[in-house]
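Line order of the protein sequences matches chains A and B. If you count by the numbering used here, then the first sequence holds residues 1470 to 1826, one letter each, in order. If you count by the numbering used here, then the second sequence holds residues 1470 to 1826, one letter each, in order.
Copies of the same chain are indistinguishable here, so a pair counts whether it falls within one copy or spans any two.
List time: in silico EDC-like cross-link candidates among lysine to aspartate or glutamate, alpha-carbon distance up to 20 Å:
{"#": "1", "residue 1": "K1791", "residue 2": "D1713"}
{"#": "2", "residue 1": "K1572", "residue 2": "D1722"}
{"#": "3", "residue 1": "K1596", "residue 2": "E1507"}
{"#": "4", "residue 1": "K1601", "residue 2": "D1553"}
{"#": "5", "residue 1": "K1646", "residue 2": "E1759"}
{"#": "6", "residue 1": "K1481", "residue 2": "E1590"}
{"#": "7", "residue 1": "K1572", "residue 2": "E1682"}
{"#": "8", "residue 1": "K1738", "residue 2": "D1795"}
{"#": "9", "residue 1": "K1822", "residue 2": "E1590"}
{"#": "10", "residue 1": "K1784", "residue 2": "D1658"}
{"#": "11", "residue 1": "K1521", "residue 2": "E1509"}
{"#": "12", "residue 1": "K1499", "residue 2": "E1617"}
{"#": "13", "residue 1": "K1802", "residue 2": "E1765"}
{"#": "14", "residue 1": "K1652", "residue 2": "E1695"}
It should be emphasised that the hints constitute simulated quantities derived from the structure, not laboratory data.
Protein chains: 2
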Amino acid sequence: MINTDSTLHIEKVTSTRVGEVDFDNLVFGKTFTDHMFECEYKNGAWQRPTIKPYGPMLVYPGMKVFHYGQAVFEGMKAYKDENDDVFLFRPEQNLERINKSSKRMAIPEFPKEIFLEALNELVRLDKDWIQKGDGNSLYIRPFAIATEVGVSASPSKEYKFMILLSPVQAYYKGFVKVLIAEKYSRSADGGVGAAKAAGNYGAQFYPTSLAQEKGFQQIIWTDSNEHKYLEEAGTMNVFFRINDTLITAPTSDRILDGITRKSILDLAKHNGVNVDVRKLTVSELIAAAEDGSLKEIFGAGTAAVVSFISHFGFKDKIYELKEQSDSFAVMFKKQLNDIQYNISEDPFGWRKKVELF
Amino acid sequence: MINTDSTLHIEKVTSTRVGEVDFDNLVFGKTFTDHMFECEYKNGAWQRPTIKPYGPMLVYPGMKVFHYGQAVFEGMKAYKDENDDVFLFRPEQNLERINKSSKRMAIPEFPKEIFLEALNELVRLDKDWIQKGDGNSLYIRPFAIATEVGVSASPSKEYKFMILLSPVQAYYKGFVKVLIAEKYSRSADGGVGAAKAAGNYGAQFYPTSLAQEKGFQQIIWTDSNEHKYLEEAGTMNVFFRINDTLITAPTSDRILDGITRKSILDLAKHNGVNVDVRKLTVSELIAAAEDGSLKEIFGAGTAAVVSFISHFGFKDKIYELKEQSDSFAVMFKKQLNDIQYNISEDPFGWRKKVELF
Ligand SMILES: Cc1ncc(COP(=O)(O)O)c(C=O)c1O
Ligand SMILES: Cc1ncc(COP(=O)(O)O)c(C=O)c1O
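Turn these sequences into a full structure, and let the hints steer you where they fit.
Structure below.
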């Protein structure tokens, strides 16, 4: 349901702020580019899609998103190569996923053509904000929020779909220590864990802060029923290498269908790596750590691409992972990077060039 | 952690909007009074508490509440008696609960004295918005939202605690049909179901809309593991009367500790009703419906007070409940109402008079 006026309206800044930015000291997600995208939904239709100067907006405190968390988001990136060409990575996957998330959260789906056009145009306008070089990229945050004013727990009739751009460096630096969840959980069967619903993330802050007090950066969530199966981390899917087999949990109601995850699964096949998509139990993991067959654990997600996990904690014991000379994580990270930054061929057709002129 | 300047600052409207309101045709939660309360949290402390004219606020689209649902709320009411005295119902319980919710959502707790003072002052200022008469009240919505700008999934360092007031009539009219959840779920063990976290509510909209398409108004949630135990409804705890015993689920990680629920449990004891706080299974319920021992089901929550449930659906079958001449629901609703509106004695000390002058 699109309104008749679906032509992208563009209102440019009069002068750019890009010169004021210290690109060597960016805090992830804190700096925003000159422009943002916004499209309102009301009277049963998406209204005129608009790119306009990044800035604050006037909202009422009774807006439903504040009270009922009716909100979804995405995370994606644009990369610049040595020739100043700019690329997106599987952008249609993010659109598909935000629409899946929206459906679960009773938010109207957003039209594909408008999304892709807005994305291209926005990145084009703010291309000078994208730095070249390893780890540098433009983080792209599409999101939708319930904007109807009303403090009764029912779906909003009005929404805003927006896209923000934020220049970033690598997300996690170095190795990550993770704690395996025994008490708290991330999502329920039949719940919204498979959606990038805003509330899933806020709900993790407290248990994650408890893990951080113990010296871990992240939690690896387990199923909420028995805390028996390894699921995923805060904003990453998780891979385990036991001997030479790469294992990751199947997606489900509770687990986000990560684009990095599915790309790594394809890369693994491409590289002839033995892949096993199955539920791995915590006790299998412990046994493999103890008998030395556990070689690697790594996280996979857009923000960090691949995160090397050096330690995991479970029930007051800490298990260390040795660096592997033939690391899968290193290999996948490089291969993904090379595709994303237009360094290598892209046999999968994942890279989408942004039309800059 | 309160800042030194914790004196309540008050900025009044120049003229009231109360004359413009059609109090006989209120939509729940859509009309707001002249004033609202706001207190910011930054630099590790709550800043100056302020009552000011209700109105919009300027916020950035990168604010964490939009992206990570880091938000909690409460729902309470003020009631006016025939002498124009105004009463709150167990307000300290709501403060305690929002602070419990906040803790689970990594939001700093709000100071009790400031909350109670602000509440009294706000209700006092807008007392003309409270209508007398059965079902009429002033709905009070305290809430806290994460206001730091930053699209990275970590707790906000800045918050707003606000209170909105909204004049309301009775919430649900008549009888309610409920559907027992078989597939979707509301919360997980170890999750945030026991908190009034914003995201819990948005997550129910889609499954509830599916139930509504089948002719039900609400879902009765069951446990996410087996869908075996009856838990609670969207914004109500649920009571079952089998023969003359009143049964309700124990509170847990997954179930909100409702103030109406606990008040009804006290009233039941006071009335000599046999109470059984235990997990009731769906199959027990069906059996009781079939052999006629199931007499009543009702919801209990601030918005609706007591909701009479006339039908429940399970697996394509609909079960009807006959009206009882000695209805527990009717009795509890009247007793609660009489306490809330200062019609009867209040042996429990639940009623708190608002200091109006
Ligand atoms: C819960 C969760 N798991 C996994 C991921 C990884 O998904 P993707 O690779 O698409 O970024 C994300 C998103 O960043 C996430 O939020
Ligand atoms: C999930 C849920 N259960 C039950 C209730 C009832 O709680 P109370 O009686 O305190 O309003 C509420 C709040 O309204 C709720 O949100």
